[in-house]
Amino acid sequence: GAGVSQTPSNKVTEKGKYVELRCDPISGHTALYWYRQSLGQGPEFLIYFQGTGAADDSGLPNDRFFAVRPEGSVSTLKIQRTERGDSAVYLCASSLGFDEQFFGPGTRLTVL
Amino acid sequence: GNSVTQMEGPVTLSEEAFLTINCTYTATGYPSLFWYVQYPGEGLQLLLKATKADDKGSNKGFEATYRKETTSFHLEKGSVQVSDSAVYFCALYPQGGSEKLVFGKGTKLTVNP
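If you're matching them up, the sequences are chains X and F in order. Note that the working numbering has the first sequence beginning at 1, numbered continuously upward. Note that the working numbering has the second sequence beginning at 1, numbered continuously upward.
Simulated from the structure, these hints should not be mistaken for lab results. There may be inaccurate statements among the hints.
Cross-link-like lysine to aspartate or glutamate pairs, in silico, EDC-like; alpha carbons within 16 Å at most [to be verified]: (1) X:15 / X:99; (2) F:49 / X:100; (3) F:105 / X:100; (4) F:60 / F:99; (5) X:15 / X:83; (6) F:108 / F:84; (7) F:49 / X:99; (8) F:52 / X:99; (9) F:60 / F:16; (10) F:77 / F:63; (11) F:60 / F:76; (12) X:17 / X:56.
Not the full set, but computed from the structure, chain F residues with beta-carbon under 8 Å of chain X [what the hints assert, rightly or not]: (13) 44; (14) 84; (15) 86; (16) 89; (17) 100; (18) 101; (19) 103; (20) 104; (21) 105; (22) 106.
Heads up, the beta-carbon is just placed ideally off N, CA and C, and yes, glycines get one too.
With the rest of the complex left out, here is chain F (with noise of 0.2 Å):
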């Protein structure tokens, strides 16, 4: 079946910290690719989002690339903000199928001044 697998949180930094937060999947054929993230006391909000093999997703100084040979989507920012604190999501959209996206467990992000 599809699945995302994310690193273990919670990740802790200080301000200007470079990130990553690792991401795989399974799934069949090419499925589309997102990160979502959701700030405390709100809803959840797409970051960015690949929809083919190469593809970069960047928002906000955060940048994904769609690695389809090893089956990744890690999420990285070259220097975090305190406000980048959240809960980060990612997630696929199965090739082919229902709309249904299918998450990670999330990675809590705190950064610190």
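Just chain X, same shape as in the assembly (with noise of 0.2 Å):
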């Protein structure tokens, strides 16, 4: 069956700009999870639905990043005057909860 998937792929922007980036989750399940893996590092949890609610944001930097999942299905995180600080691999995940966590292919952004 398909997976996680993610869109863009890559996006390039430019420092100040908005960006927006896309997760499709397994078919069904109920909970779904953004991280960012940095150069080197291990993946750093950033926000957690459960359903259409944020559980846990205590990951999020800051309020220029902000996500959403307004049907309990695809999940949108978003970025406001973005920074060089910021570029990263952008990874999804989904699971049926307390279990295995399926990730997505990542989305590599680059703030120039």
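With the hints in hand, could you dock these two chains into one complex?
Below is the structure:
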């Protein structure tokens, strides 16, 4: 079956611009997670949704970052006023809850 | 807080060599422990897991045992293949907490023929 998909696979933007990253989870998975992976580091947690609501957003670095999951399926991570330090691979994962998380291929964001 | 420490890489081995990648953790209670693998050009995949002390996770010839007394979850394989070349991440789910995975920094393994 289809796995977790993320679009775009690559995004290059200029400092100060707004970007949206999309995640399509595995059908039927109620939990959805966003992580950020900087070069040479492990993934770091950003936010987790259970259904439509954000159950834990403690990993969002500041108020420039926001994520939504309005219908409990697709999620969008939104970054305002991008900075060069936001450059990283953004990973999305989904699960049935407290179970194996299935990861997408990631979106590589480059802020020039 | 919760954290995972992995041995520094990169690790380079010859085919059929024995592999150990060390992983230790800091967490309260009894977290669930995982090894994820990232093959070149691919996404993260779960390799194996253990959810309680003394459990052994195994998959594709890899093994790891949950050692509460040493807070460790070392990854081992008796005979590595070129196709095992990848980055390996140790991770934990804190007990009773949020579902966020806490990852180590990763260890890059290269296996030469």
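Here's how the hints hold up against the structure:
1. X:15 / X:99: violated (37 Å)
2. F:49 / X:100: holds (9 Å)
3. F:105 / X:100: violated (19 Å)
4. F:60 / F:99: Not OK: residue 60 of chain F and residue 99 of chain F at ~26 Å, beyond 16 Å, violated.
5. X:15 / X:83: Distance ~5 Å between residue 15 of chain X and residue 83 of chain X Cα, so the pair holds.
6. F:108 / F:84: Holds - the C-alpha atoms of residue 84 of chain F and residue 108 of chain F are around 10 Å apart, at most 16 Å.
7. F:49 / X:99: Status holds; Cα separation ~10 Å.
8. F:52 / X:99: Given that 16 Å is the threshold and the Cα spacing comes to 14 Å, the pair holds.
9. F:60 / F:16: Distance of about 14 Å is within 16 Å: holds.
10. F:77 / F:63: Status holds; Cα separation ~6 Å.
11. F:60 / F:76: At roughly 11 Å apart (the allowed maximum being 16 Å), residue 76 of chain F and residue 60 of chain F satisfy the hint.
12. X:17 / X:56: violated (26 Å)
13. 44: Since chain X brings a Cβ to about 4 Å from residue 44 of chain F, closer than 8 Å, the hint holds.
14. 84: violated (19 Å)
15. 86: violated (14 Å)
16. 89: Where the cut-off is 8 Å and the nearest Cβ of chain X is about 5 Å from residue 89 of chain F, the hint holds.
17. 100: Because about 4 Å separates residue 100 of chain F from the closest Cβ in chain X, which is inside the 8 Å limit, the hint holds.
18. 101: Holds - the Cβ of residue 101 of chain F comes within 8 Å of chain X, reaching about 6 Å at its closest.
19. 103: Interface hint status for residue 103 of chain F: holds (3 Å vs cutoff 8 Å).
20. 104: holds (5 Å)
21. 105: holds (5 Å)
22. 106: Interface hint status for residue 106 of chain F: holds (5 Å vs cutoff 8 Å).
Checked against the numbered hints above, the structure breaks hints 1, 3, 4, 12, 14 and 15 and satisfies the rest.
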